[in-house]
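Model the full assembly from the supplied sequences, consistent with the hints where possible.
Protein chains: 2
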Amino acid sequence: MVFPLSSVMARLEMLYTSDHASVVSMNLFVALLCACIVIGHLLEEHRWMNESITALVIGLCTGVVILLISGGKSSHLLVFSEDLFFIYLLPPIIFNAGFQVKKKQFFRNFITIMLFGAVGTLISCGIISLGVTQFFKRLDIGSFDIGDYLAIGAIFSATDSVCTLQVLNQDETPLLYSLVFGEGVVNDATSVVLFNAIQSFDLTHLNPRIALQFIGNFFYLFLASTFLGVFTGLLSAYVIKKLYFGRHSTDREVALMMLMAYLSYMLAELFYLSGILTVFFCGIVMSHYTWHNVTESSRVTTKHAFATLSFVAEIFIFLYVGMDALDIEKWRFVGDSPGTSIAASSILLGLVLVGRAAFVFSLSFLSNLAKKSPNDKINFKQQVTIWWAGLMRGAVSMALAYNQFTRSGHTQLRTNAIMITSTITVVLFSTVVFGLLTKPLIWFLLPQTKHVTSMAFSDPSAPKSVTTPLLETRQDSDGDFGGHDVPRPTSLRMLLSTPSHTVHRYWRKFDDAFMRPVFGGRGFVPFVPGSPTERSTHQWQ
Amino acid sequence: MVFPLSSVMARLEMLYTSDHASVVSMNLFVALLCACIVIGHLLEEHRWMNESITALVIGLCTGVVILLISGGKSSHLLVFSEDLFFIYLLPPIIFNAGFQVKKKQFFRNFITIMLFGAVGTLISCGIISLGVTQFFKRLDIGSFDIGDYLAIGAIFSATDSVCTLQVLNQDETPLLYSLVFGEGVVNDATSVVLFNAIQSFDLTHLNPRIALQFIGNFFYLFLASTFLGVFTGLLSAYVIKKLYFGRHSTDREVALMMLMAYLSYMLAELFYLSGILTVFFCGIVMSHYTWHNVTESSRVTTKHAFATLSFVAEIFIFLYVGMDALDIEKWRFVGDSPGTSIAASSILLGLVLVGRAAFVFSLSFLSNLAKKSPNDKINFKQQVTIWWAGLMRGAVSMALAYNQFTRSGHTQLRTNAIMITSTITVVLFSTVVFGLLTKPLIWFLLPQTKHVTSMAFSDPSAPKSVTTPLLETRQDSDGDFGGHDVPRPTSLRMLLSTPSHTVHRYWRKFDDAFMRPVFGGRGFVPFVPGSPTERSTHQWQ
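Heads up: the protein sequence lines correspond to chains R and D, in order.
In case it helps, full-length UniProt numbering puts the first sequence at residues 1 to 541.
In case it helps, full-length UniProt numbering puts the second sequence at residues 1 to 541.
Check before you lean on any hint, since a few could be wrong.
Remember, identical chains collapse to one label, so a pair may be satisfied in a single copy or spanning two.
Computed list of lysine-lysine pairs in DSBU-like fashion (alpha-carbon distance at most 30 Å, straight line) [what the hints assert, rightly or not]: (1) Lys439 x Lys381; (2) Lys439 x Lys241; (3) Lys241 x Lys381; (4) Lys103 x Lys377; (5) Lys242 x Lys509; (6) Lys242 x Lys137; (7) Lys103 x Lys137; (8) Lys509 x Lys137.
Hint data in this document are derived by calculation from the structure and do not stem from the laboratory.
Below you can see the structure in the form of structure tokens.
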């Protein structure tokens, strides 16, 4: 029993082999996923825990058990696979984020979100890089060049706001939710783009021309990725509207939506763009157009299927990170100099805290200056929440760290091992400790009073919560529901919305006059008797 | 452009590598999948075509294009991966089959289905093995032992009834559909079990003891696999009923159902059982119990998500088989002796035709003897349809052939290459030619008159088609709908059902008295206001 199991574990990355060994590990993994879901459900009402931490802890425990069973021999329990993460696990999470986001809130706070997500990440990266340059020289870690320092900055600027989003409520605190959520996505994309830019540019000879190229490259990636996502989304809407008109087939529609979403991600990778941004915008466009062109069954199915895939992928990642954390070989080097490793991890954690504080409070101040209504301003408690919400570091950091510190091969084994273990330490510590404190902190900072919820009243989509009880389990991704098959004049809603949002109003006009007639969308596709819901609501009217 | 693309293609099997090469091939593959869905939809009304053939043809064309672009150099365009097929593509197809099957029809015809599926496959395997033993000796192919001959029998007994099922209609010809469908699943399982048994037993020294062990092993696999599937299904029903009671969460429910279904397959592989049978029975149990314990959104989602996954996996397989068919290296050996290869393929095709005819007509005769009502008997035209419906050979045959003829390594290169190319030829020919003739043949044999549909009248679930218009797009997998949240006395339905089905009646009693109260099921879980459908129908009553 002892030896086979450990040798089994070493092979989980070879998922494709039909070896009995890998079958055992897949069984273990799927069973653990089930356990995480059930335990996560049981702990749902718990004050501190959430699903991510549960998965991480279960992963760690499993790692310990396997380590004990194998008598400490298994040095490669599970190797974190960057590709598994970036090709299979991340796309459904980000796509679902775009698909389920409340677009109105997101676009209203677009500038603030971009400030936090893009500029904030750059600030954070700069501070961490600078700090690391200063502090790491005093530690006996090894030699880094400027590219390494900047890469460390990018690695530890990638937040993982999954924990926080499980705690924040989209309906109770719409502004905060959209800020934290939007920032999380943009931040992921920014870190990855930044990381790739750092790796591909020779930064040892920095001059203005290279710096300019670097910035240009950065913006090109941003815009091109967004465009590709929007294009793929519109294409899916157009194809489904044109081809499926009149004779819908739920399975084909759902399959086409899934495949097109994945295609957008892979196309971005093909053109060396940011797949994260692409698939995020593809999700937004799909929920705005494509989703309205399909039958009611397809809508329910896509909504929940995407959410489920994203949910499973998240748990998978945390379980994976937890199990991977106990790879003995990496820790061996650290065992020789525990002080160095602890110092490095502490410095990194400290820099993460400082780097995030620096941009959250300064950019909030900037953002508040531009706003007139006190309701739209971000108050101090909310700023603290935003700061805290982005302190967790997760799988993106892990994946980037593996990429940076294993590609130079085994020439710098000790340095690499220390950096990887420090990353694992920061990820585990921030997720577990900061994560556990999130629920109490949010309850302390944002008690369930109306002063938070009241912010929702400035949002014209707020009446939604009054109309939705009829369609309870479904959150409309469009901010307005109740009559999606009845074309309504939007003038009343325009009057309700604050006059300052001129861009939004022009967009609505353009959307109604050109986009929706071509690509479909709420109110612009004829009624399709495809499902019980639509049938019954139709007969009711 | 010329060289990179060919080198790219050679690496599609390395799906995990993030090489740009594999990104290109994944893009190509996902785009082709989308194309297959769209073209399949456009050709839906076409007289001859169906989605499988479309995918196969598109795959072949893509193979040709790549071959031309690479100047005939690319010898390994795409290598068919047995593991990809058995671990990722087959489980969703078979699970969905169990999940969507009309259980009443299936269990009514259980004995006939088992006759066709198990005994018929054995007969077919025997005939093909015998024929191959006789005919292949005269061809200059190479030396086979008795294990090889039996393996060839098993390989070419595995039918692929996907094509036919796309043509047959579950509502119009319920008896035929359930026979062809049920036989297809049992046949897949039987072939795989048989194949594994042949490989693991040393059949060169056949004696009664080994033969008895062989038969015992076969039955053990059958029963143990079924039990495991039923157990996992019931476990999922129990867990969801107990834990989720009162506070449902669609995403968790859907995730748990998916993971448990997959777990059943992997557990079967773990215990060296037949995953196909296990996951099929898990699907049946899940649709009978678990499916009724979840919210309405979860029901719609699981129903369509499973169907979509299965649909995509099917297209994937056909595309894959089509693209794999043009691997030059295999065909090189054949080029030296085209006559031998054509002769081998023709012999195999002929044996497939004869082997299937032998058991379909004889077993139909046996089955008809046992039935009293003329409506339940299988008439000659239906027998011909059943015979034809199982002539196609598909991915299971390919996978088994690869397993048998590549594992002996490169010691018998020529023999292996001829057998693999013959398998490809049989698969392509039977799928395309027989497949194209299926629609016309079925229209010829079974014109859309009432004499076929009338058989449905003996089925108490027939009134369903009267109640369903309200809930149009959903096919109830339980044969009775319209009031799934209202516990109804079943006495009326029992009176309606033919009195001869005593087993079924006792099962219903046991089900109502013990199984449903414990595991949930239609009418035995309290009403859960989880979705618009249930809300509105509830308010209507």
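**Prompt:** When the hints from earlier in the document are held up against this structure, which numbers fail?
**Reply:** Violated hints (numbers, rising): 3, 6, 7 and 8; every other hint is consistent with the structure.
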